[in-house]
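Novice: As a plain string of letters, each chain reads:
Protein chains: 2
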Amino acid sequence: MSFTRPEPPYYAVIITSALDESNLDGYAAMDERMAELGRAQPGYLGRESRTAADGRELTVLYYQNAESIAAWKQHPEHLEAQRRGREAWYANYHIEVARVERAYGFVRQE
Amino acid sequence: MSFTRPEPPYYAVIITSALDESNLDGYAAMDERMAELGRAQPGYLGRESRTAADGRELTVLYYQNAESIAAWKQHPEHLEAQRRGREAWYANYHIEVARVERAYGFVRQE
Numbered sequence: 001m002s003f004t005r006p007e008p009p010y011y012a013v014i015i016t017s018a019l020d021e022s023n024l025d026g027y028a029a030m031d032e033r034m035a036e037l038g039r040a041q042p043g044y045l046g047r048e049s050r051t052a053a054d055g056r057e058l059t060v061l062y063y064q065n066a067e068s069i070a071a072w073k074q075h076p077e078h079l080e081a082q083r084r085g086r087e088a089w090y091a092n093y094h095i096e097v098a099r100v101e102r103a104y105g106f107v108r109q110e
Numbered sequence: 001m002s003f004t005r006p007e008p009p010y011y012a013v014i015i016t017s018a019l020d021e022s023n024l025d026g027y028a029a030m031d032e033r034m035a036e037l038g039r040a041q042p043g044y045l046g047r048e049s050r051t052a053a054d055g056r057e058l059t060v061l062y063y064q065n066a067e068s069i070a071a072w073k074q075h076p077e078h079l080e081a082q083r084r085g086r087e088a089w090y091a092n093y094h095i096e097v098a099r100v101e102r103a104y105g106f107v108r109q110e
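Residue numbers (the UniProt record's numbering), protein chains in the order written: chain A, 1 to 110; chain B, 1 to 110.
Bear in mind the hints are in silico, worked out from the structure with no lab data behind them.
Any given hint could turn out to be false.
Same chains, same label: a pair holds when it works inside one copy or across any pair of copies.
[Stated by the list, open to error] As a list, the in silico SDA-like pairs of lysine to any residue whose alpha-carbon atoms are at most 20 angstroms apart: (1) Lys73 with Arg33; (2) Lys73 with Glu101; (3) Lys73 with Val13; (4) Lys73 with Ala53.
If we strip away everything but chain A, and leave its shape as in the complex, we get (with noise of 0.2 angstroms):
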C-alpha cells in the first residue's frame, strides 16, 4: 500500500471511470489542480489508482470520516470541475463511498 492508513473506522471513495478520449481539452490542467485541492482538503488521507491498458481507472481516495467526502464534493471550484467533466470529459463513472470496517495486512519478511 502506498500510504500509511489510519485505524479503522475510516472512509473510501471507489471511483470507476472512463474518460471520453475525443474529447479531453482542458482536461489534464484541471486533473492536476483538483489532485493538489484534494490533497489538501481536511481528512483526507491518500489514494490507490490503477489504470488498465483500455484506459477505464479504479481509484480509491481515502478519507478521514464521511464530513470530509461532503466537504469536498461542495467545493466551489471541485464543483465546476465535476460539472466539466459531465459535459465533455467522462464517458462514464461510478462513486460509491464506504466506511472500512476492518483492515489487515501482509508483508513479506526477507
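We have chain A already, so just place chain B on it with the hints.
Specialist: Using the frame of chain A, we list chain B on its own:
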C-alpha cells in the same frame, strides 16, 4: 462499471497487492481456481480489478453482506490458497472490508 450493483448497503473488499515475481510457481492455476470458487460464493456480487505497469494490483470485490465475506475467508480451499500466498507468491497485500453506504453515477447520453 463492469456489473450491476444492488442498492446500498452492500460490502466492498478493497485489496492492494504486489506479487513476488521471483516465486510464482503454481500461482496462475490457484488464482484461476479461486476466481471460479469465489464467483460461486453465496452473496458474491462482482469485481473491479486493475493492474499497474509495475505489477501492483488494485482489486475491489463486492458482496451482499459481511457474512458472505467471512464465509469466503474461511473456505477450506481458500485458506490453503491464503497460506501458500503468504509463503510464496505475495510480496505484500493489504485488505480493507468496507460497507458501501451511498452510490451514484453518470453515463454520457449520446
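Novice: Kindly indicate which numbered hints from before are broken by the structure, ordering the numbers from low to high.
Specialist: Going through the list in order, the structure violates hint 4 alone and respects the others.
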